[in-house]
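Number of protein chains: 8
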Amino acid sequence: MADDKETNKSPETGYVDLGFAKVDLARQKRQGMSEVIYGAGKTTEEIIAILETMQAHGQETVLITRLSEEAAGKIREVVPIRYDARARLGLMGGIPEPDGIGTIVVATGGTSDIPVAEEAAMTAEVMGNRVRRLYDVGVAGLHRTLSHLDELREATVIVAVAGMEGALASVIGGLVSCPVIAVPTSVGYGASFGGLSALLAMLNSCASGTAVVNIDNGFGAGFMASRINHVGK
Amino acid sequence: MADDKETNKSPETGYVDLGFAKVDLARQKRQGMSEVIYGAGKTTEEIIAILETMQAHGQETVLITRLSEEAAGKIREVVPIRYDARARLGLMGGIPEPDGIGTIVVATGGTSDIPVAEEAAMTAEVMGNRVRRLYDVGVAGLHRTLSHLDELREATVIVAVAGMEGALASVIGGLVSCPVIAVPTSVGYGASFGGLSALLAMLNSCASGTAVVNIDNGFGAGFMASRINHVGK
Amino acid sequence: MADDKETNKSPETGYVDLGFAKVDLARQKRQGMSEVIYGAGKTTEEIIAILETMQAHGQETVLITRLSEEAAGKIREVVPIRYDARARLGLMGGIPEPDGIGTIVVATGGTSDIPVAEEAAMTAEVMGNRVRRLYDVGVAGLHRTLSHLDELREATVIVAVAGMEGALASVIGGLVSCPVIAVPTSVGYGASFGGLSALLAMLNSCASGTAVVNIDNGFGAGFMASRINHVGK
Amino acid sequence: MADDKETNKSPETGYVDLGFAKVDLARQKRQGMSEVIYGAGKTTEEIIAILETMQAHGQETVLITRLSEEAAGKIREVVPIRYDARARLGLMGGIPEPDGIGTIVVATGGTSDIPVAEEAAMTAEVMGNRVRRLYDVGVAGLHRTLSHLDELREATVIVAVAGMEGALASVIGGLVSCPVIAVPTSVGYGASFGGLSALLAMLNSCASGTAVVNIDNGFGAGFMASRINHVGK
Amino acid sequence: MADDKETNKSPETGYVDLGFAKVDLARQKRQGMSEVIYGAGKTTEEIIAILETMQAHGQETVLITRLSEEAAGKIREVVPIRYDARARLGLMGGIPEPDGIGTIVVATGGTSDIPVAEEAAMTAEVMGNRVRRLYDVGVAGLHRTLSHLDELREATVIVAVAGMEGALASVIGGLVSCPVIAVPTSVGYGASFGGLSALLAMLNSCASGTAVVNIDNGFGAGFMASRINHVGK
Amino acid sequence: MADDKETNKSPETGYVDLGFAKVDLARQKRQGMSEVIYGAGKTTEEIIAILETMQAHGQETVLITRLSEEAAGKIREVVPIRYDARARLGLMGGIPEPDGIGTIVVATGGTSDIPVAEEAAMTAEVMGNRVRRLYDVGVAGLHRTLSHLDELREATVIVAVAGMEGALASVIGGLVSCPVIAVPTSVGYGASFGGLSALLAMLNSCASGTAVVNIDNGFGAGFMASRINHVGK
Amino acid sequence: MADDKETNKSPETGYVDLGFAKVDLARQKRQGMSEVIYGAGKTTEEIIAILETMQAHGQETVLITRLSEEAAGKIREVVPIRYDARARLGLMGGIPEPDGIGTIVVATGGTSDIPVAEEAAMTAEVMGNRVRRLYDVGVAGLHRTLSHLDELREATVIVAVAGMEGALASVIGGLVSCPVIAVPTSVGYGASFGGLSALLAMLNSCASGTAVVNIDNGFGAGFMASRINHVGK
Amino acid sequence: MADDKETNKSPETGYVDLGFAKVDLARQKRQGMSEVIYGAGKTTEEIIAILETMQAHGQETVLITRLSEEAAGKIREVVPIRYDARARLGLMGGIPEPDGIGTIVVATGGTSDIPVAEEAAMTAEVMGNRVRRLYDVGVAGLHRTLSHLDELREATVIVAVAGMEGALASVIGGLVSCPVIAVPTSVGYGASFGGLSALLAMLNSCASGTAVVNIDNGFGAGFMASRINHVGK
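Protein chains in written order, with the working numbering: chain D, 1 to 233; chain S, 1 to 233; chain X, 1 to 233; chain V, 1 to 233; chain U, 1 to 233; chain L, 1 to 233; chain P, 1 to 233; chain B, 1 to 233.
Read the hints as simulated data drawn from the structure, not as lab findings.
Among the hints, a few may not be true.
Stated by the list, open to error - If you anchor each label on the Cβ, the simulated ranges turn out as follows:
(1) SER177(L) x THR43(B): 53 to 61 Å
(2) PRO80(X) x LYS233(S): 38 to 46 Å
(3) ALA40(X) x ALA26(L): 35 to 43 Å
(4) ASP99(U) x LEU146(X): 26 to 34 Å
(5) VAL78(U) x ALA40(X): 49 to 57 Å
(6) ALA85(D) x LEU146(S): 38 to 46 Å
(7) GLY94(P) x GLY73(V): 50 to 58 Å
Unchecked claim - Not close to chain U: a few residues of chain L, all C-beta gaps over 12 Å, as computed:
(8) THR43
(9) HIS143
(10) GLU151
Virtual Cβ for every residue (Gly too), placed ideally from N, Cα, C.
Only chain D is shown next, with the shape it has when bound in the complex:
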């Protein structure tokens, strides 16, 4: 019914206007990472158009989050991307050499939290970090957590991923002296209310040195951990 979409209006403002999206070309300079595409709610055509615009303007590494396997398949016919089904991440371009201060540990309470943890871990790797994974070390079996105390204490930053009651963040937070990013997951049922229970628990953690990202937001946690691991750089 209407079509007033302007294209390529203002490259000098630092972005390219595709009408449905303004592709940000200055973010790498401004925020230390090139554009990340939030895949949910975008058509495959829109994602491809954004990727091609970025390629055309010399952006090498682009991450696509919350990308379905089906969409990844269609994109791959046009633009070369790698895809991880568990983390639902697509990646155009390569993974750089780690250049962070130290190591980021990504830990999960259980096996079911791994997809979110992988989103965090892979995001951090794409952003130039060395990552160590410690999965299924939840507090119901505290000896599993404690047997990894050395690895936890060597970390520069820790990403603690847990659903249900989210106690992992508090327990780890009490054991270490580095910053902890807590990621509540929607793993659970009933009164977990889609991750609300873990979210509230993590926000109320009695262990200082913890901050929280959105439910299932592995990407945000990995991004934040990378920023911390590059502080002052």
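Fit chains S, X, V, U, L, P and B to the known structure of chain D by using the hints.
The following block gives chains S, X, V, U, L, P and B in isolation, referenced to the frame of chain D:
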């Protein structure tokens, strides 16, 4: 404007009718403990009338919960009761010899949880249980929890009292093989939402063998722990 | 993109590390029951690997909760398990002779609550308890509840399973002197909000001697009831 | 800063306009009862002005709800009213002879629910109903409820007032064949969330023939019960 | 794994025990209507078994609520029932002659509320009431409401069915002097939160003489309206 | 089972009664726009009948919101409509010449908000407004917002459409002096709770001159913007 | 402990920096109204300092919202302000001549909503609008609403202020063709949840042409109404 | 009634047991900061006892959060502490020289957010950080934010403190490449729901590189910022 209150209608039904209250005389037989008076929302006069009715019918031990210090003072002028200001508990009659299976441990995450814990501990003592208190053993300093492992493992039942993120219940639940009663407290602020955060966390505990009572319900936890400690008796 | 999973790292710590899971071999000693597998969110391959690891280390009885019929079929091609579709439970190994103090009664408010009740009842049986089922005895027809008063009063522990307004727990709690585990279910619609209504009602029960588990958590209720029925053993 | 209030603009429209209030003179004809004044949020001066307007226009009986004791004292200096502190009700004019179909029973779960119950009972009496009070008959002591079965079954309408888990409405609803108005109260603490728990439970009642009014709305329940008790009249 | 279901244990208690259900045969005497089957969460086999038990014991009219079209088809192969797809109601037996005091009006705010309204209207008809339907008379077009003022004022009871902001109940409640049963529906989106918005609005109605049932609970509203329309009979 | 639907009862009241719907013919005069059909929850047959009634009574332009692609196809076989799949809007009749005061700007935070924005933009166009679209100008890349400052400041009304944290409305609101209509969308996940997060943020906007419509309610925002753009006309 | 507050840093940026506040001097140009001071959470000293800074820079009219009577008294000793206790508004400077397009009507459901309505009305007057007040015209007495139909239809914008179920906005919205700003108030109790009930109802209004501001936000509604009444000016 | 508190049980475990508190002496080594006392819910006597224990064991710097002015006065009579009333912080011992990587910027949306911001800023200073304060730079006056762009971009970590809609965190997050800690405050009213609105907005921030702490948790944000500013040290 109206007054259709009948009194003393039906002692043979097991209760005495005071109009504003039906005093239950059969509970001791039916439920193993004499009437407990929920003090909140009752006038001092009403509480005294109930106590006197119970005395007159031979009930020896009566617990009054959520009793303000001021009300306790007024009651004491008429009926001899003991009062604990921290737990806001009044007690008519004596504390019996412990006759339970073993020991009930009452543990708290922090110092601010102690009033609720004392309500639980004293209720259990009044009901004939040996109680051991482990206060301020929260997960932010895990070595404090772990240094009491022996006492925790010797317990018949454990009451775990914690506010904020309520992780204590999960951590203890993962360390022992006895039943754990989790009591969320309203200790906290902001997103603790008056104890909701701890409540949800405890309901979602990944440690099996845990059940939960209402926020700040020390009485209910002590009562439940006593029942468990008298199972089969 | 990354693969730093170590396997079989530390049998001496009491668990076997499969990377995606740390299989707990010491739980039977520590918590009185061998590992229980939470089936939701795990792939069939992961469940099979955990079962095989347990078998290899001499664990005889393993329960798998929230297991879909389809997954159960695939598992059965590799590891011998029994499966109950209504309770969505899988079981490797046999059901032991009951060795608890007395009998666990599992009661439901209605017919639609039976799947959750069966999860509780079967969990308790697997853990060595004699179980009596009283189904569809909800308070809308109080004579149904009252006609089972003898069975309720003979119980060592009662598991009360109800959705909608969850009044069953309060009514039973007022009639007996044994511990009652209340299980809210998601049965209902509209303002039942997926079981929240029953959950809140049960937490606020005016009948003392009641504690609550998560919505639809039949497993947790059966586990807790078993612990209570083995107290002091 | 502004003053555009018109007074006495349109008596022929059925109301008198006081600027801050439009006093409804036609309600008695339209709705079967003269104006009721919701006392909360009105100044004493406003209430007096409304009462005087009504008097001047021949309205005899006016109920004032949620009236503080202090305000009642001030009003009484100007307009003759009766006041009940427990129900926080003021009444100008007399109580009529009962002319309803039968008897309204007002029942409460506990003693703390009585203020709300009295608001219901007195409202019904002011509207011309015979009222029977059954207080403290909650489900934790079911024999107390059942010993009043005859009075419950003789009622034309029942108002069931309860806080905490609100199970009273379901239990009574299952025992009788007359309409039941359920009134949740804010009695309770913690997860009662100011009466939300009882409200949800009553809305989800498995007993048919029950409808619910707002938390602590004794007036609304008494009004509705009166309408039912005058159906077809 | 277990099978302790007893059948036909106690006909003299007023019900027949099918194990998964206790079929209530005394309800017609006790509550004025024979058993109603809540169809959700029951298997077709269970529903058929209950219907056959009732038939065998002389129950003539049985209503089945929340019955899917598919289940109705299967049931009809065994037991003769009528089925209304819009209201998702099944009916065994005939509709009796109206014997209530007057007429029940069922009104809806919009067209999308009709399925819930039909559940109410048909339930009332099955219970012996004359019913008048006024559909799509919501407050956004107030002249539509007002043009039916006569029919509204002639009613003995009104069932007001509305989603979104649920204002219909308040507007009708202010116009009439008979009891109004308000039924919030889940019609709406966004901040209607599945009917919560309409539910809260109806509970807070400033029009006296209104009481509320659960979201989408047409059956409960029709049942309550019938009870009111038979008061004193 | 029942059929008391009257048709075409009262054309003189300004509407035609189809039984399931009262088609409002006077709205164009009363509210400045002919009937809008809320497509959700109506059958295709009902929508067609309403459209035909309107056509027969000379209504030229009718908008159908929340219309599925499948339903649109069926309707088009009978009544000529245009359909936009992204906005899920159907339109019978033509788009009029713009006659508003100035231009309405519709802005979105991201690409995923475009369907809601298109519903707003197209509704405004159908109601006689000139519309300018500014898509993907969210605050995470503030330079994108700021590069459109001139267009924002030239607007008569702005519709700000955003999900997640909904900050777009506050940022725009602080930059302009025209009214801003904020539309929260359900774009997001986890703690966005289906748009609740954006809704609350917009309601709490620290920028004056902002008002909010329901989550995803593009139609309502476009309608409101049109009214503002025609104020005094 | 620390003191790095800079003062008067950058007048050329359009504001004066007082350390605790950046006083915005450009808002009058940018947003059409000089700074408004949100009084809650500021000390009297801070408010005085801001007022004096504004005076010194030639700002004539400044509104202070949510100002307590006590604070107003102290401020008046230093800076000449007018104060309205009911609306809790302070005003430095005079009220301008109305220069808007037409008249703003401010309507309330009841008498208790007047403080919020006055905040709206007086804000609009301060911003140069003619305002007409229609108080206590709620839907429980629809004839009161309808007797003002002419005044409602003559308005350029309507501010509808209501608590409890908030139906006023929908009813007015269905009667007029101008924009309606709905203001939910916290008037009510129980399930009104501090205004949440009215807020949700207004967001879900079935009457198009309505937008909503925060609970009790009379200022925001008056501000928005003024902007609409000055559109295109 | 009971007194089983053991004192000074196990100095070798790293803490001193005062019965009501286990004073952690190893935290400085384990977590990089000596014990912090959460003042809320502790008696003045308890706080003094903890401070004296710490002094006796050589802990020099101890922070007391959420300390009332009255309690601070009493403590100062026994133990020398400094007190800041706005931030409600007490401090025993001195503030160390800054030894962090760079500068922490603490920014607020408005003046009312300053108490929380000061808690953050002073905590960071006590932990050895250089802190720059930017107060009242909220998004409603974006030029205030943008005029501090240099200071924001020079920061190592930013703490963004805001109530109401909490948009400050997103706007700052989009402008910088360092980690941002977002602190929602309870500043606001109505639908801010005690800070919930700002909390949700910050969790859903579309700007990557942001993590969130509890509502009003200035201490937690300052602590986290300090950890980040000392990463790798």
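Structure-based check of each hint:
Between SER177(L) and THR43(B) the CB atoms are about 55 Å apart, so this pair conforms to the stated range of 53 to 61 Å. About 41 Å separates the C-beta atoms of PRO80(X) and LYS233(S), a value consistent with the hinted range of 38 to 46 Å. The given range of 35 to 43 Å is broken by ALA40(X) and ALA26(L), whose C-beta atoms sit roughly 55 Å from each other. Restraint check, ASP99(U) to LEU146(X): a C-beta distance of roughly 32 Å satisfies the suggested window 26 to 34 Å.
The hinted window of 49 to 57 Å between VAL78(U) and ALA40(X) is violated, with their beta carbons roughly 36 Å apart. Range check, ALA85(D) to LEU146(S): Cβ separation about 40 Å, and the 38 to 46 Å hint holds. Look at GLY94(P) against GLY73(V): about 42 Å separates their beta carbons, and that is not inside 50 to 58 Å. With a cut of 12 Å on Cβ distances, THR43(L) falls inside the contact zone with chain U, its closest approach being about 9 Å.
Annotated as non-interface, HIS143(L) keeps its C-beta farther than 12 Å from every C-beta of chain U; the closest such distance is 31 Å. The claim that GLU151(L) lies off the interface holds: its Cβ sits roughly 28 Å from the closest Cβ of chain U, which is beyond the 12 Å cut-off.
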